[in-house]
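There are 4 protein chains.
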Amino acid sequence: MTKDKIRKLTPFQQRWHNIIFEADTPAGRLFDILLLIAILLSVVVVMMESVAPLQLKYERLFTTLEWMFTIVFTIEYLFRVWCSYRPKAYILSFYGLIDLLCILPTYVEFVFGGAHFLLTIRILRLMRIFRIFKLVPFLNESKQLALALEHSRRKIAVFLFFILLLTVVLGSVMYVIESSYNSGFTSIPVSVYWAVVTLTTVGYGDIAPVTPLGQAFSALIMIMGYAIIAVPTGIVTVEMSRLKNESEVDNRICPHCMREGHDSNADYCKFCGSKL
Amino acid sequence: MTKDKIRKLTPFQQRWHNIIFEADTPAGRLFDILLLIAILLSVVVVMMESVAPLQLKYERLFTTLEWMFTIVFTIEYLFRVWCSYRPKAYILSFYGLIDLLCILPTYVEFVFGGAHFLLTIRILRLMRIFRIFKLVPFLNESKQLALALEHSRRKIAVFLFFILLLTVVLGSVMYVIESSYNSGFTSIPVSVYWAVVTLTTVGYGDIAPVTPLGQAFSALIMIMGYAIIAVPTGIVTVEMSRLKNESEVDNRICPHCMREGHDSNADYCKFCGSKL
Amino acid sequence: MTKDKIRKLTPFQQRWHNIIFEADTPAGRLFDILLLIAILLSVVVVMMESVAPLQLKYERLFTTLEWMFTIVFTIEYLFRVWCSYRPKAYILSFYGLIDLLCILPTYVEFVFGGAHFLLTIRILRLMRIFRIFKLVPFLNESKQLALALEHSRRKIAVFLFFILLLTVVLGSVMYVIESSYNSGFTSIPVSVYWAVVTLTTVGYGDIAPVTPLGQAFSALIMIMGYAIIAVPTGIVTVEMSRLKNESEVDNRICPHCMREGHDSNADYCKFCGSKL
Amino acid sequence: MTKDKIRKLTPFQQRWHNIIFEADTPAGRLFDILLLIAILLSVVVVMMESVAPLQLKYERLFTTLEWMFTIVFTIEYLFRVWCSYRPKAYILSFYGLIDLLCILPTYVEFVFGGAHFLLTIRILRLMRIFRIFKLVPFLNESKQLALALEHSRRKIAVFLFFILLLTVVLGSVMYVIESSYNSGFTSIPVSVYWAVVTLTTVGYGDIAPVTPLGQAFSALIMIMGYAIIAVPTGIVTVEMSRLKNESEVDNRICPHCMREGHDSNADYCKFCGSKL
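Protein chains in written order, with my numbering: chain A, 1 to 276; chain B, 1 to 276; chain C, 1 to 276; chain D, 1 to 276.
These aren't lab readings, by the way, just hints derived from the structure by calculation.
All residues carry an ideal CB built from backbone N, CA and C; glycine is no exception.
Careful, some of the hints might be misleading.
Cross-link-like lysine to any residue pairs, in silico, SDA-like; alpha carbons within 20 angstroms at most [as the list claims (entries may be wrong)]:
#	chain 1	residue 1	chain 2	residue 2
1	D	Lys143	A	Arg15
2	B	Lys143	B	Glu76
3	C	Lys143	D	Leu160
4	D	Lys57	D	Ile75
If you want the ones that stay clear, here's a sample from chain C, every Cβ over 12 angstroms from chain B, calculated [said to hold, decoys possible]:
#	residue
5	Ile19
6	Glu59
7	Ile75
8	Leu100
9	Ser142
Using the sequences and the accompanying hints, generate a full structural model.
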């Protein structure tokens, strides 16, 4: 995180800061709600634009709306930078980067056609919803979920690394077995893609083994995948269960018998009955 | 829950109340069993009606039976209201609403063709089966399951909210990658549908990536889905395990402050400090 | 279990009993191993018989082998009954019923063609393998697994009951939405089949929604299925974890301080240090 | 593990040993990093070789590169044997066998065409990455994962054994039901493959039931698979949770009998009764 100094804002800037960054005042709340609606609408417009019959009919309307939303969000972004206490920190923060990413595709469109469809990334801005509506319990829950994933990050990374090695080897073996008889296994990369589709139990069926040996080997892979799919579930469950237990254990010590392990709702020591 | 007064029933109404709402008397039990059979039969009739060859052959029979069942269930519904101690409460209760929903489709059929197939919703009335046959342990188990889901409700809501944002973004990226080369990814909404099908590991294969970049990106999504599918499992498992532990908790009540929830190794009340 | 008296066997019958039912003597062990090989071979023959090109070439050989195996297993079955201490109990036991089921299909073949392919049920007789090779730890593990499933039996039954109701309702709704535009959803039973395929995340793709409304509704079902699939996993995990803990806790009480909760490898009380 | 004596290396051999087997010296580190790059490149070359258009264009380049890498890895392998303290132990170790396997396919190519595609097995050599970059926490995590799988090995083996029996029986039943009406279920082995695809919820859809009875039976199998998929997850989760708890166990050592493994709430050694 960049540690630029907190700069002084003019009263005018301060007023805008409260409206844009906070949701405590009526004006700030209104601003946030209007923003959420604008985000949702702009995503819906981009989605509808991608539907061919609608695009043919309302092309001009869609383009106009898209530009309108992009201009509004660009102004909003510049305003956020302008009235932020620490502009650099905002720009480089998670939300700041998303805010920027959400206006870029329209401009990139000039260079790469089709890029403006990525405007749907704006939907990520809806993550502010919990903060705006003060849904504290939901915020807590999402923090807990994030924490559990964060704690199991390394285990999951190791796991995915082995899955990667495994799928490359399995894919290659299947390529050697099937490629001569099957129009699906056209190359090793495609076979690796098949191995991922199979191990994760997604199983599109766009590529499927046809030789007896290939089918037997696939059956083996799937049954292996059975045991493998248990691993990340185990990781996350154990981590969540640990977090749960930790957050529920009190670390108070009884002043009389010096024993620990009291519940958080306990007023008296459960071992000697003296006041905690 | 509406808190209308408990009204007085005539002895005649009371007798019917016991037959229809209770399953303690032989008559009440017989009524419930006949009702279950009628529900099952009426669902089977609707199902068979949807099978084209059967429909052609027995059209008149099916229509007659369907109307018969609807009339029977309508009379039953009116009876339930008539002999209920608190008619409003019944009408607005979970079972009351289902009972109403189970007769409406036949009448709605006049307005929207095809609606009568929704009569299969009647199968939900079978949920009464545990109560009727006094399957207390099953009732308890289903309450525990419901409780575990209820407790993890917020975590699951947060989780599903992020899944929603994620699928919109992933679907859009795939649309940009694949739409020019693939007849499947016709629009962003369809691509979002594909992202849901992939992340949940359902994997129909009606839409599947064909470009190398698309396949590589899909493989990434699937491997991510591997870790993601672990999250709800973790949530529910932890919640169930907590409920299990709680139900094994001591049921001693403090003789002084009358509060419960003591650990099994406690010697003194943790709320008031008196000996347990 | 039938409680017929233990009958007296002649020494000749006893000797055979030891060979057939026990695996302690060299002869008994040899018999069991030969039996396992015969079972495996007979299953392989039936499987190969179902492969059209092999069937054309070796039809007579297969029929001969199949009859040979059936006759051998029939004689073995009669022998088992003849030299059993409690013939009725054996006939009605789990293994006795499977032993009978494993010879019937050849005879039923005269009445229903194709029935002999069910001879592969003989593979279930391989379950004896753990007992024969004295794989005690494996036997214990399989008992633990069976126990965990046994204990969660009621919860899983309740769960599957709700899944059944749910799939009927979801299938009917999809039938109403899709049937006019989709050649896949031909009737409600087929739509219920689709709902099962989708909720369990199998996702064949033989039937898939094509209307926007149908795809949106399917996406909802899948995301719901995400949370639902967590339920049986949670049930079984909690049950297994409980079994594990129970089997590891000692119920010895310290004779001095009377406290419990000692580990099974403890020789002295961990609270007061006196001998357990 | 073979216990051949540690032989004496000449100073020259020792220097090479440090470079090749250790990653502590700058030279050793450089060697390992160059090796990792060479491994990755050689895998990429083999993968690209399998893509038809690339193969047509760069056939000679690919063959040259492949031979070059194989020669380099062969020399490296011989060097490893030559400067190892215990050559036999290295050759028979896990990494030694993989190192050998990674050069064989090029030579086997002369005998079996297509074998050289198995060179992608070289990617397994990347497993050294954690050791080279001293990613100790990752090494620990992967050891924990391996331990959890190792401990649940027997339970998973029993589970997979029953799955095998189950799929053979289910496949045969489906073969009897479907084979006359469905071009997919051509033989019992293929039907067993279908049963594996279905039970594991992969669901390619290359083979799918078409008869009403087959679809009903499949739905049953899938719902059964729902409960079954919970079993390995339960096994692994419980084992991981146990390992986690154990690793949180007290690491106090009894000052008297020097034994470990005491609970965190123990005041006295549970083995000899002396004060901890």
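Do the hints match the structure? See the list:
no.: 1; hint: D:Lys143 x A:Arg15; in the structure: 56 angstroms, violated
no.: 2; hint: B:Lys143 x B:Glu76; in the structure: 27 angstroms, violated
no.: 3; hint: C:Lys143 x D:Leu160; in the structure: 15 angstroms, holds
no.: 4; hint: D:Lys57 x D:Ile75; in the structure: 30 angstroms, violated
no.: 5; hint: Ile19; in the structure: 45 angstroms, holds
no.: 6; hint: Glu59; in the structure: 37 angstroms, holds
no.: 7; hint: Ile75; in the structure: 46 angstroms, holds
no.: 8; hint: Leu100; in the structure: 33 angstroms, holds
no.: 9; hint: Ser142; in the structure: 23 angstroms, holds
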